[in-house]
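Visitor: For reference, the chains in residue letters:
2 protein chains.
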Amino acid sequence: MSLSRIIGAGTFGFNYIVVTLVLIIIHHFFLKNKTMSNRRKFIQQTILGISGTALLPVIGNANSSSVKSLSNTNAPLQIGMAGYSFTKFSLEQSIAMMKRIGLSNMSLKEIHLPLNSTDEQISAAMAKYKAAGINIYTVGVIYMKTKEAVDNTFAYAKKCGVNMIVGVPNYELIEYAEQKVKEYDIRLAIHNHGPEDALYPAPGDVYNRVKNLDARMGMCIDIGHSLRAGTLPEKAIRDFKDRLFDLHIKDINTAAKEGKGIEFGRGVINFGAVIESLRKVKYTGVCSIEYEKDMTDPLPGIAESVGYFKGRMAAED
Amino acid sequence: MSLSRIIGAGTFGFNYIVVTLVLIIIHHFFLKNKTMSNRRKFIQQTILGISGTALLPVIGNANSSSVKSLSNTNAPLQIGMAGYSFTKFSLEQSIAMMKRIGLSNMSLKEIHLPLNSTDEQISAAMAKYKAAGINIYTVGVIYMKTKEAVDNTFAYAKKCGVNMIVGVPNYELIEYAEQKVKEYDIRLAIHNHGPEDALYPAPGDVYNRVKNLDARMGMCIDIGHSLRAGTLPEKAIRDFKDRLFDLHIKDINTAAKEGKGIEFGRGVINFGAVIESLRKVKYTGVCSIEYEKDMTDPLPGIAESVGYFKGRMAAED
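From first to last, the protein sequence lines are chains S and C. Each residue of the first sequence is one higher than the one before, counting from 99 in this note's numbering. Each residue of the second sequence is one higher than the one before, counting from 99 in this note's numbering.
It is possible that some hints are incorrect.
The list treats identical chains as interchangeable, and a pair is accepted whether it falls inside one copy or across any two copies.
[Said to hold, decoys possible] Distance condition first, Cα-Cα at most 20 Å in a straight line; then the derived SDA-like pairs of lysine to any residue: (1) 378 / 303; (2) 186 / 276; (3) 197 / 364; (4) 257 / 269; (5) 197 / 351; (6) 243 / 271; (7) 245 / 284; (8) 197 / 358; (9) 245 / 283.
Simulated from the structure, these hints should not be mistaken for lab results.
Please construct the entire structure, taking both the sequences and the accompanying hints into account.
Guide: This is the structure:
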């Protein structure tokens, strides 16, 4: 009875206004979506647009945030590789594997260029990546347990030419690290490492330590370790979006402390929800795939994972 | 003005009926969708259900067949491998690769078990596949240029224990092959091989030869060769659904005669449209991935392709 009143029980004028609004909104969504390549998604989004903006308030039964997110599915997402995936291989072998899987963004791990490298060694390594078309967009994960380690890390990052470090500073060094962030204008993305991590098991443990600091102090959410620590990564991405600088994307075989890395799509990560969250918060960083299974022969698993992630993203476009 | 009359210009009773119907439909879709794992798709389909069945007729602007296809997106699709992908490897190596990529359905190619094998050789090979958990669901592609070849092919298929052959009979042998199909109760899926194929370049060239024959005479659409021959595979799947028994799924780098195999997602196949068509026609066969790039080292490309196809399918669930 009350619902019939909401949709305008009996007044001709109110109905006329509703119909006019619906027609305007249909027109708006047809124009907005006409560049979409996939006809099905076009029709889907048009209808959802209508439902979400005009009809749902009428029928009074909607999760408006979920509906809204559906209209944000076209934000581009960049894929990369976390260098740790190639930890059993040389720099040259890791480049060969990057080429094979067709990715160019890479997070450089110390194993391929130690922190105590000379300037010449750093230049030579970076030249090799550049020549191969590999974009080293960050370094890490680097652990900082002393002031000297913080100093070395920022000096190293500067020499590598990156504007972001993925790192793990001891609590008592966070303030000092913030000083270095300001001094170098290099962002620090603190990495969560799951239940065994005494400092930052879950993304929230990072966020609480950086949320009131310089805006360049943020986080690299490792979605596998996040889920192992009991935090849904799709929720963490939304909750901590203002400090989200980098991502380690992986799948794990069980949503528990003992969860292990597995080929994407064979485990328990809800990639659809993760991608939806990334689109919703308009994430502009890199989604770095980190693959930790079969580490002496990882290429097939890495390739399957890259393919899976690309397939899921493409389907959402 | 006329639209406002359609939604019930001013009559309280009509509005009440509309609201009641909407509530019933909401209830129906909540119950229907409650087992879906992906909350977003759940909300999406619920809204689409409402839009498609109740609201769209009201606003008078809908492609009802497209809307209908959206509600058919949950048909299961099985993935397999076309044995030709492993043509440079032994039977044992191909089994090892199947295990690595986590697939169990396989189309057996002669290279791994020649047509002139003895009964013992066939039994031994099939036992190896069975022990490894590999389901040989068909044999092929087998070319049949003589009556003897047709005889041998059907005898071989029977010994292998399959109920389908993917094959290419000369035109003059189609009628004889149909006799064998009836005699053995083994289906024949004729394979299209692109512009260079003098007999069956495109799926339509197969369809026209089998459409009036026994219902067990059908086709294996090779989506890459189909596109190279100028036929959109997503259209061929819909057009020839009544004779579609098997699929060779691949990507190609250009939609032209010179198109070559490439990792899925890097080429021009519209996988979203292909999957949508398969769901729409409720395809119950296997989607056999055929990978023809880097044939001496195909595993990374195969794995990336399997991952991509699984990712696209999962996103559509």
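Visitor: All the hints need checking, so say for each whether the structure fits it.
Guide: Hints, one by one, checked against the model:
no. : hint      : verdict
1   : 378 / 303 : neither (23 Å within a copy, 46 Å between copies)
2   : 186 / 276 : neither (32 Å within a copy, 56 Å between copies)
3   : 197 / 364 : between (24 Å within a copy, 13 Å between copies)
4   : 257 / 269 : neither (25 Å within a copy, 69 Å between copies)
5   : 197 / 351 : between (28 Å within a copy, 17 Å between copies)
6   : 243 / 271 : within (8 Å within a copy, 77 Å between copies)
7   : 245 / 284 : within (17 Å within a copy, 75 Å between copies)
8   : 197 / 358 : between (26 Å within a copy, 19 Å between copies)
9   : 245 / 283 : within (18 Å within a copy, 78 Å between copies)
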